[in-house]
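Q: Each chain, letter by letter, is given below.
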Amino acid sequence: MTVPMTAGSQAADDYVLRVENLGKVYGGAVALRDVSLAIRRGSIHGLLGENGAGKSTLVGIMSGQRQPTTGTIYLDGVALGHADVPSMEEAGVFLVTQEPMIIDHLSAAENLMLGIWPRRFGFVNWRKLRKDAARMLAGTGIDLDRPAGKLDAVARRKLNILRAMFSGGKVIILDEPTAALTVEDRQQLFDFMRRLKADGVTFIFISHYNDEILDICDAVSVLRDGILAGGSEDVGSLTSAQLSELVLGRGLVLFQRERREFAEDAPAVQLRDVVGPSVRVPALDIRPGEVVGFTGLPGAGAKELARCIFGLTPVQSGTIRFADETETHKLPTHPRDAFESGIAFLSDDRRRDGAIGQMSIGANISLSSLASVARSGFLSKDAELKLSDRYFAAMGIKAPSAAVAVDTLSGGNQQKVCLGRVLATGPRVLILDEPTRGIDVGVKQDVLRIVDELSRTGVAVIIVSTDTDEITRAVDRVCIFENGAIARELTGSEITNDRLRGLEPS
Amino acid sequence: MSRTMTVAAKTASPAGAAPTAKEGGRSALGWVLHNVVWIWLIALVVIFGLFNQFFFTVNNMQNIMVQATVLGMLGLAVALPLLVAEIDLSLPANLGFSSAIGAMAYSDWGLPWFPGMLVGVGVATFIGFFNGLCITKLRMVSLIQTLSMMIILQGALLALTQGRTITNLSDGYVWIGQATIGGWPIMPFIFVIALVGVGILLSNTVFGRRVYAVGGNPVASNSAGIRVDRVKILTYTLAGFLAGCAGFLLASWQMAITSNQGSSYLLYAIAAPIIGGVSVFGGRGNVVGVLGGVLLLTVIQVGLAIISVPSFYVGIIGGFMIFIAVAIDAIRVRYFS
Ligand SMILES: Nc1ncnc2c1ncn2[C@@H]1O[C@H](COP(=O)(O)OP(=O)(O)OP(=O)(O)O)[C@@H](O)[C@H]1O
Ligand SMILES: [Mg+2]
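Those protein sequences? They're chains A and B, same order as listed. Counting from 1, one number per residue, gives the positions in the first sequence under our numbering. Counting from 1, one number per residue, gives the positions in the second sequence under our numbering.
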């Protein structure tokens, strides 16, 4: 009698978290159907799948953030009734959501300790809070007293990640934590995860990067259209191509741009004397049809320069000159001026300054091109529909129609909406900050292909990215930023993944 | 390794489709809750009518519509700043102050009544514009800035009238408040025109689209090439203009301007759009909802008067009726969106 019981509890003990027959319906749309999955204690469990496959929904349910329509969650073999975030955190399950969850007016330190404040006699122990926060932020370069609203997208994400890592939780779920992180940051995160894993912490790790899954995960599960499409307990035996095939249900052809040399052509844009907060670029020319990659550590100037060109960050000085114009202009002071002169920009933080969540997909796509679909201030519904439908289709946005709110889309699909809005303006200079952030492997190739095709029509493109693989595949030239300036440039065959990762001297 | 799992999932999919049947019932309930203001409105009309037959008479319907006009104009005005996630508490005070200016331009400065009225509406519009400037360029908090503006304007009205009621309004000025066509008062037509005008502005123009965008996410709107400050200033200006028109209509209808003209509208003018589904967090709401909210509040007021509820109870019963509408709406937002 006692023997099977022990065996049973031991089996349960093997799996720290288990879900059975999980289903989730949003409105009328089925996001998950009948998913059963068990997470082995002390393992790093990868979760893969296309955009909208249901990954965030699944981990949302596991962490109490969303409520399942059907099915049961077992924690340590015990079925949970109603689960919400505080009770799951109490039980040791922490989720780092795909979009930064940050309270803008609180300091970095307070955000870090949100809900897990050190207490003393029922009051928040501020001294300990600051001390702990300082320890957690050591080496990240984030100032603990800075209001979180003033931090950039990457720093905001790091706050969420660090909060979970230091929470003392036994299950930590990371929903695309590495999107837009630098190579060093990723390595640091992985080292951290391995250390915690050695202490018995279990991880669920969502990522669109196959190499990361292969690098760090012990087991992997793949979702496709809300169904568990497969998985493996032995990640070591898999290749990247096999993973892609499992995700997409078909083979994947990786995109590679045919690089061109542009030195001879007259530049499409000439930037001169750009001096802004933490950027100083005396001169930069981009030829028509050229795709230039900007890369560097956070704060080194790549993102900053992009935002200056678009008029989002005020500059002390700086001029721009287009190929077909004789006069030079000051850099735009407002995004509106930038759009009007043909410069378009995609932000790296879609939640904060990418999409209007409560508006429809169509209205978001046309938002930066309203003048082109209106006559004397009145919108032409036909013209707008034509424009939004075109980019809705071109971007392959997974949604019932272009009339649904962007809020209801998966992260990657929201990114496609933002990209569609920017492309719809028909720019001659296109600046994309982390364009494929959160986009799945299949669509990523499509996006790079679209950019490639656009560049063939003479558009000058800047891609700001920390994804070295993306840079290698998509650009003709790379500008590497250090201390606010362009420190080095690589062209043609000099552009290799290893060199960009700093594994090979340049 | 994936084969068996895929098969298992396939067989399970018919079960997964089951919730769609349940969705039907849920969406019907959702529809009811979505239109709760209108259903509640009809229910109240029927209830009041059962209590007192007079409620159903044409005369009373006309009365309701006339009463709804001023509140409606003001409700539209209040809705505009709400849509860009700001608020303007000074609008009812603006209504009173600007109408007094308009009346005095006629009585004290010797202008003909029509230009005098235009001066009043112009002042109201300018006050709206000024509020918009303070909130965008000076980054003042709209709640406090417009609260102080409300106090200033109420005080200014009192100073201007010296506590007396202005009654020497010209015949031309009071005409619109009294005129009828075929027995129907024309005041409500002005409201309908304003309603349609603002409705078209919000849903068919570039400006309207920008209003919703700014209310939904100002930072993203800025990055999308929208001059957020300009949009906000314009909504405040337009709100001021509507309040000015409401001020003219109220004075014309009452044939008088009291020393606290408009102040009693404050809470109702804010409640009406919110009851009608205009979100205080911005970016949500439309004129049809505002109309529903306005009619609901007016029917409650008129209805309680007609069924002769003792005046000591009018406040508490009216308050509860509004509470119910808002509570049902909150339930809708909580469970159906
Ligand atoms: N709040 C919501 N309302 C309605 N539908 C939703 C909502 N959230 C998600 N969905 C839908 O559920 C499906 C799964 O979304 P989910 O966010 O889980 O995808 P994901 O696998 O995390 O994708 P991504 O890689 O893009 O982040 C999508 O089709 C999405 O449109
Ligand atoms: Mg997701």
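Among these hints, one or two may not hold up.
[Said to hold, decoys possible] Sample of chain A residues with no beta-carbon within 10 Å of chain B, all distances over it, derived:
| no. | residue |
| --- | --- |
| 1 | Lys131 |
| 2 | Lys170 |
| 3 | Arg194 |
| 4 | Val275 |
| 5 | Arg336 |
| 6 | Ser347 |
| 7 | Asp353 |
| 8 | Ile450 |
[As the list claims (entries may be wrong)] Here are the simulated lysine-lysine pairs, BS3-like style, with alpha carbons at most 27 Å apart:
| no. | chain 1 | residue 1 | chain 2 | residue 2 |
| --- | --- | --- | --- | --- |
| 9 | A | Lys128 | A | Lys170 |
| 10 | B | Lys137 | A | Lys150 |
| 11 | A | Lys150 | A | Lys197 |
| 12 | A | Lys131 | A | Lys197 |
| 13 | B | Lys137 | A | Lys330 |
| 14 | A | Lys170 | A | Lys197 |
It should be emphasised that the hints constitute simulated quantities derived from the structure, not laboratory data. Quantities reported herein were computed from a predicted structural model and do not represent experimental measurements. Glycine is no exception: its CB is placed at the ideal position from the N, C-alpha and C atoms.
Q: Taking the shortest Cβ-to-Cβ distance between Arg336 of chain A and chain B, state whether it exceeds 10 Å.
A: 4 Å, violated
Q: Within a Cα-Cα threshold of 27 Å, do Lys131 of chain A and Lys197 of chain A meet the stated pairing?
A: 25 Å, holds
Q: Was Lys131 of chain A rightly flagged as not at the interface, with every chain B Cβ beyond 10 Å?
A: Lys131 of chain A clear of chain B: closest Cβ-Cβ about 33 Å, beyond 10 Å.
Q: Would the pair Lys137 of chain B and Lys330 of chain A pass a check requiring their Cα atoms to be no farther apart than 27 Å?
A: Holds, at roughly 23 Å.
Q: Should the label of Arg194 of chain A as a non-interface residue stand, given a Cβ cut-off of 10 Å to chain B?
A: 25 Å, holds
Q: Check whether the Cα positions of Lys137 of chain B and Lys150 of chain A lie no farther apart than 27 Å.
A: 20 Å, holds
Q: CA of Lys128 of chain A to CA of Lys170 of chain A, is that 27 Å or under?
A: 23 Å, holds
Q: Verify that the Cβ of Ile450 of chain A lies farther than 10 Å from every Cβ atom of chain B, and report whether the claim holds or is violated.
A: 20 Å, holds
Q: Taking only the CA atoms, is the gap from Lys150 of chain A to Lys197 of chain A under or equal to 27 Å?
A: 33 Å, violated
Q: For Ser347 of chain A, which was marked as not at the interface, is the minimum beta-carbon distance to chain B over 10 Å?
A: At about 6 Å from chain B, Ser347 of chain A fails to clear the 10 Å cut-off, so the statement is violated.
Q: Grab the minimum beta-carbon distance between Val275 of chain A and chain B and tell me whether it stays above 10 Å.
A: Non-interface label stands for Val275 of chain A: nearest chain B Cβ at 22 Å, farther than 10 Å.
Q: Say whether it holds or is violated: Asp353 of chain A keeps its Cβ farther than 10 Å from all Cβ of chain B.
A: Given that some Cβ of chain B is not farther than 10 Å from that of Asp353 of chain A, nearest at about 4 Å, it is violated.
Figure legend: structure checked against the earlier numbered hints; hints not met, in rising order: 5, 6, 7, 11.
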